[in-house]
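Novice: Protein chains in written order, with the numbering used here: chain A, 64 to 326; chain B, 64 to 326; chain C, 64 to 326.
Worth flagging that the hints you see were computed from the coordinates, not collected in a lab. Where hints are given, some of them may not hold.
Intra- or inter-copy, both count: the list cannot distinguish identical chains.
[Claimed, not checked] 25 Å max Cα-Cα, derived SDA-like pairs, lysine to any residue:
no. : residue 1 : residue 2
1   : Lys225    : Ile211
2   : Lys122    : Gly201
3   : Lys122    : Val306
4   : Lys122    : Ala196
5   : Lys225    : Gly301
6   : Lys145    : Gly228
7   : Lys145    : Gly259
8   : Lys145    : Arg264
9   : Lys145    : Leu162
In this text the structure is predicted, and so the values were computed from the model without any measurement.
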Amino acid sequence: MIALITDFGLADPYVGQMKGAILAGAPGALIVDITHMVEPHNVAQAGFFLAASLGSFPKGTIFAAVVDPGVGSERRIVGVSKRGRILLAPDNGLLGLALRGPGAVEAFDLTPASDAAASATFHGRDVFAPLAALLDSGEELASLGQGIDPSTLAPGAVSEAKNTGNTWLAHVLHIDRFGDCVLDIASDARLPVSGGAMLTRPASFVIELARNYESLGYGRIGLICGSQGFYELAVNQGSAAEVLGLALGDEVELILAGEPARP
Amino acid sequence: MIALITDFGLADPYVGQMKGAILAGAPGALIVDITHMVEPHNVAQAGFFLAASLGSFPKGTIFAAVVDPGVGSERRIVGVSKRGRILLAPDNGLLGLALRGPGAVEAFDLTPASDAAASATFHGRDVFAPLAALLDSGEELASLGQGIDPSTLAPGAVSEAKNTGNTWLAHVLHIDRFGDCVLDIASDARLPVSGGAMLTRPASFVIELARNYESLGYGRIGLICGSQGFYELAVNQGSAAEVLGLALGDEVELILAGEPARP
Amino acid sequence: MIALITDFGLADPYVGQMKGAILAGAPGALIVDITHMVEPHNVAQAGFFLAASLGSFPKGTIFAAVVDPGVGSERRIVGVSKRGRILLAPDNGLLGLALRGPGAVEAFDLTPASDAAASATFHGRDVFAPLAALLDSGEELASLGQGIDPSTLAPGAVSEAKNTGNTWLAHVLHIDRFGDCVLDIASDARLPVSGGAMLTRPASFVIELARNYESLGYGRIGLICGSQGFYELAVNQGSAAEVLGLALGDEVELILAGEPARP
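Please work from the sequences and hints to get the whole structure.
Specialist: Here is the structure:
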């Protein structure tokens, strides 16, 4: 199975052409769209989507994540294996968040020796699709490129929250269709699931620590351990982004009232 | 085959994660998107899309319709079989329109005994996807939950037009990409296919009863027995919603000039 | 494999219903979306998408392109074979660009004898889907309709640039998500890949002839032989449409500084 993340959008024929090229190389391939609506050139958002989606797909899945402002430049194209999954991406920091945490990583440089044959502008169709097709057909990463030291991969493009005692300085990783604001506080921070907190930046709001949207009062603002591996600011049946005036990448300061939970 | 209707949108990775979870449980499943652009939390619109789409899919299809403002609350998750198709949805009225009309209905309560293992916020991926995968793999509804009396299902969320003689009081069920306004007058009302009519609310317009868009004069307003099982207000190569100033849910009054057609 | 291009959008259930109808007729069919976001009724844009996508799909692919302002009128529905691919479309000029260039063409009139059984308004689901399913199941075009002279097909809806010496009068065929403006100057014009040029209409801009986006200076405007078989105006990490004030269909005049490249 091949899972796709791109910033190609859905109005242009690019995603369809990439799929056609995959299926030309691997006629039986099963292709699943994660999303193609990454903000154009937003490598960090793509990195968040990839990391948040890995666990939903079975082992053996090949992820091709193509958000590539440097197409045509000297940046490498890399293939990485971790915990039974294969990740293909430009080496621009997109993979950073997905490679955090436990699990051995093997990395390979899959940059084509020459792109004379390939279009110089559409590597999704002309480079990533054939690579994904070969891997789906059973080729090994090691036979497609040179092994490289994973520590040479570009540093991760996704931010990480910092905390001092009960104060968290975090950033908005993603705002979803419902206005929920995903923060860069990972689930394993294990914040309390009840009690109060204050949002002190960008403005002051009382918030609730809650288990899910429904356990918030109607219209109340909550901090919830969401489904994407990170904490989220949410408003029950409303848009947290609108209520709190938050945009992608904004800095957020939170002060929890109680003790941090112990693992 | 599994057909999906959700309000998850296409910009977030939610639909892809739900598909990954289905395919993790049912590796050979064929998944078809009906739409993921239901207005957030609009249960009635999802109910219309589901009812309008049932007949286009072959028997044996499993429909998973997840528009669920009450996720995390006490509402049930139900599975229903009717005319060889299986429908999965939260028990919030979404199924009402699909279950109208002839055909025996069997209903089952599929609410998980405990959602400790499941994320508390993303039932599409964590509850509906595994259920759909089990059903696609051949499990019976009866083996996944307790039979329930279909009359205990939440009342349908979709409105129904009322008529007195030649006057119809109807509502806008849906406005499509072309501006066509689907009304809650079902096709089996068998209105005349030619002749005149007046729209008297929200404002006065002369309209034509017509067989299709093309048989309307250019820019003329028509009432057409559309492709979705309901009558539609349409403008040939224009937007009826714009011309008539209609929005989703609006009330509409129509007076037909002739006799209602006899079945 | 069946590849789809429509103007049905992704918010309505139309694409899903069309796929359901295909799969009801051809249970094992593999369906790939090229795009469903063609501007409503924009036959020329659909024709460009189709022509630009043909080469990305393997031989044997069936393309169904449904942008059909004349649905319900007397226009024919045609099936065409060229270079091992089958194209289904209304006979409204959509196929013109795809049929330019070398390769023998066979054409067939597939208009249903009577559409009494079919909905009068949704030919995508009720006419094109069953045709695509039959073709995917191995039926021949010749067994589904009468052969017709390809020269009787409606003239192509897509414009063609004209050049006199180093001056090109072209049109904007498409503006993509990144703001790149595809012109109707085909790749085989073989313009120089370096050197300068002037855009003289709609306004005066110095532009660069370049091999790809990255080889342009940051924010510089370039003319690039793009991935879609045509030249594009592009701005490295910016929107050419915005910088140049271009919209779909706009006329553009270019004067190249050097000699045209020789084939």
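Novice: Taking 25 Å as the upper bound on the Cα-Cα distance, should Lys145 and Arg264 be classified as within, between, both, or neither?
Specialist: neither (37 Å within a copy, 53 Å between copies)
Novice: State whether the alpha carbon distance between Lys145 and Gly228 is at most 25 Å within one copy, between copies, both, or neither.
Specialist: Cα proximity of Lys145 and Gly228: none, with 33 Å in one copy and 56 Å across.
Novice: Can you give me the call for Lys225 and Gly301, within, between, both or neither, at a CA distance of at most 25 Å?
Specialist: neither (28 Å within a copy, 33 Å between copies)
Novice: Up to 25 Å between alpha-carbons, please classify Lys122 paired with Val306: within, between, both or neither.
Specialist: neither (39 Å within a copy, 45 Å between copies)
Novice: At most 25 Å between CA atoms: does that hold for Lys225 and Ile211 within a copy, between copies, both, or neither?
Specialist: neither (31 Å within a copy, 50 Å between copies)
Novice: With identical chains, the pair Lys145 and Gly259 could be close in the same copy or across copies; at 25 Å between alpha carbons, which is it: within, between, both, or neither?
Specialist: The answer is neither: 38 Å in one copy and 47 Å across copies each exceed 25 Å.
Novice: Are the CA atoms of Lys122 and Ala196 at most 25 Å apart within a copy, between copies, both, or neither?
Specialist: For Lys122 and Ala196, both the intra-copy (17 Å) and inter-copy (17 Å) Cα distances are at most 25 Å.
Novice: At most 25 Å between CA atoms: does that hold for Lys122 and Gly201 within a copy, between copies, both, or neither?
Specialist: Close inside one copy (14 Å) and across copies (23 Å); limit 25 Å.
Novice: Pop the pair Lys145 and Leu162 into one bin, within, between, both or neither, using alpha-carbon distances up to 25 Å.
Specialist: within (8 Å within a copy, 46 Å between copies)
Checked against the numbered hints above, the structure breaks hints 1, 3, 5, 6, 7, 8 and satisfies the rest.
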